[in-house]
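Asks: Since the structure of chain H is already known, use the hints to place chain C on it.
In order, the protein sequence lines correspond to chains H and C.
This note's numbering puts the first sequence at residues 1 to 286.
This note's numbering puts the second sequence at residues 1 to 284.
Bear in mind the hints are in silico, worked out from the structure with no lab data behind them.
Just so it is clear, the structure is predicted and the values come from calculations on it, not from any experiment.
Idealized CB from N, CA, C, for every residue including glycine.
Do not rely on the hints blindly, as some may be mistaken.
Dumping the calculated SDA-like pairs for lysine to any residue here, alpha-carbon to alpha-carbon at most 25 Å [what the hints assert, rightly or not]:
1) Lys196/H x Pro15/C
2) Lys227/C x Gly41/H
3) Lys139/C x Thr46/H
4) Lys177/H x Leu130/H
5) Lys142/H x Ser242/C
6) Lys271/C x Met103/H
7) Lys14/C x Gly41/H
8) Lys222/H x Ile273/C
9) Lys195/H x Ile213/H
FRET-style restraints, in silico, Cβ to Cβ [unchecked claim]:
10) Asn186/C x Ala17/H: 33 to 39 Å
11) Gly63/H x Lys174/C: 54 to 60 Å
12) Gln270/C x Asn144/H: 38 to 44 Å
Non-contacting residues of chain C with respect to chain H, defined by C-beta distances greater than 10 Å in every case (computed) [said to hold, decoys possible]:
13) Thr31
14) Pro125
15) Trp188
16) Arg193
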Amino acid sequence: MMKGDRKYIVMFLLPAAAFLSIFLYYPFFKSMYLSFFRTKGFTTKTWVGLDNYVRMFSDDLLGAATLNTLELMAYVIIFQVGLALLLAILVDNITWGKGFFRMVFFFPVVISGTAIALLFVLFYNFQFGLLNTLLQDMGFDKVNWLSENMALKAVAIPTVWHYVGFYFVLFLTAMSKIPSDFYEAAKLEGITGIKKTFLLTIPLIMSDIKVVITLAITGTLKVFEFIFVLTRGQNDTEVLGTYMYKKALVDQNFGYGSTIAIYIVVFGVLLSLLANRLLKRDEITY
Amino acid sequence: MQSVQSVKKPIRIKPGVVFIYVILFGWALTTIYSMFWIVNNSFKLSRDVMNQSFTLAFDPVMDNYTNAFDRINIGKSYLNSLIMSGSTVLLVLLFGGLAAYVLSRFQFRGRRALFSILYASLLIPAFATVVPVYELVIKWKIVNTYLGLIFPQTAGNLTFAILVLAGYMSTIPKELEEAAFIDGCNRWSLFTRILFPISRPAFASAAIFVFLWSYNDLFSALIFVNKETVRPIVALLSEISSQYGTDFGLMATAVSLTVVPVLIIYLFIQKYIEKGLTEGAVKG
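Same shape as in the complex, but just chain H:
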């Protein structure tokens, strides 16, 4: 410790601490506090104890939003993480064009979800969209992509497509860190190709897979743009994020909106813990 360090510690930490306290911690605890009130705008609020939480359990719309979120999460974990892993394994096994694929697969990640959603508005449009034009050209009937029984799957596609590249790069990086003598030893044992992937590569990057699945879970809970732009939550596509937005900011029901927000946090923490428990394994270090 140098002389006068205490002064610098305080001085350097202060701005960040101030921002975090005012715009993150205080609002977070305030949200918890608000979840015990019935509110009318910002002006009147009445203490109602656990009423909002009781209401939550009988709120069918919230139940539907939860189920939709879980369905979306399943698509994300299976297809987004799955595709990312598959693509990473494939790219890891080629010699030519690695850099090209890394660059191109990452494209969608840097684009805003809103722009991608708008792109898919043009793909899904019933009258003139790209998909229906294709179908008609091939002699099929038009499909209403955003109808009740298809809308959530239709929304899941851009959601999945958006972040495949992100997890792909994480996986590929993890694979590049595996020491090459592991592979050489395996080769001497005659373990190559698909066998090598399942016996060596995947077990060795298990801790990264765990991180990615956790990121995918918490990421899905934040999904908002795709639904907001593509369907506005209609046709059974409401998810927790859009439902919270509707309750808290459109209806200006701050009390109940906050209750839903707290529910989202708790739900996220529980799901992450569960995922980590299910995927528990001995960490491999090398």
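Replies: Showing chain C alone in chain H's frame:
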């Protein structure tokens, strides 16, 4: 991979390899062709976007572009986005950098506790803070001003930045600092002359991610800055989808205008992005 060469045929391509490339190019096509499709269609009249969306725009029409700038004033939204996301990045790097410096290079009581708090903060989504923050920005009279978005977004991105920067700084050898200290540097000049220059790659990648997240954040934009004069480009995009949902040409143009500059910049700074991902996100 196994050696695929044999004596008689020096170049033999295995069918498995062909299959791999087919899949990889297939996925690449979804990203490249989508971008091409949208840009190509932005140069067509709305009617042609609908009827012939696959043809090449050989004689490009600029109608959509003049519309985008005159009718919906996309230029103004661009400027708003740049000002707000740029300021957010600067504030996050400055305050986050200083905090990361303290957390990684100083020994003091409560340091580990601070790290735990920071990791826990990553679990707080914007949903869980938005109502009180909204109340706050109204009370401070900064709703629908640049600061109304800059402040919440700065706070929202600080945790990530601090953790990435502290992670990088903790790998820098202590001797460097000690030598500089003997040469008469104080803590502030140690930060600006030693720590900051050495940690530039981490600062660069944190800057890129904070910028992208801020630039692409529709949720906060809808709530804090949704007035025509201050709204950023994502809020405008969402407005277009509800107001001009039938003007396909305009929509294609708006998407192109939002996406293309980001993609061009991405091509130039790609290596920092991947560096940031590998050094930051996974560690976190």
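Asks: It remains to establish, for every hint, whether it holds in the given structure.
Replies: Status of each hint after checking the structure:
no. : hint                            : in the structure
1   : Lys196/H x Pro15/C              : holds (18 Å)
2   : Lys227/C x Gly41/H              : holds (20 Å)
3   : Lys139/C x Thr46/H              : holds (20 Å)
4   : Lys177/H x Leu130/H             : violated (42 Å)
5   : Lys142/H x Ser242/C             : holds (23 Å)
6   : Lys271/C x Met103/H             : holds (9 Å)
7   : Lys14/C x Gly41/H               : violated (67 Å)
8   : Lys222/H x Ile273/C             : holds (22 Å)
9   : Lys195/H x Ile213/H             : holds (23 Å)
10  : Asn186/C x Ala17/H: 33 to 39 Å  : violated (21 Å)
11  : Gly63/H x Lys174/C: 54 to 60 Å  : holds (55 Å)
12  : Gln270/C x Asn144/H: 38 to 44 Å : holds (39 Å)
13  : Thr31                           : violated (4 Å)
14  : Pro125                          : violated (6 Å)
15  : Trp188                          : violated (7 Å)
16  : Arg193                          : holds (15 Å)
The structure shown violates the earlier hints numbered 4, 7, 10, 13, 14, 15.
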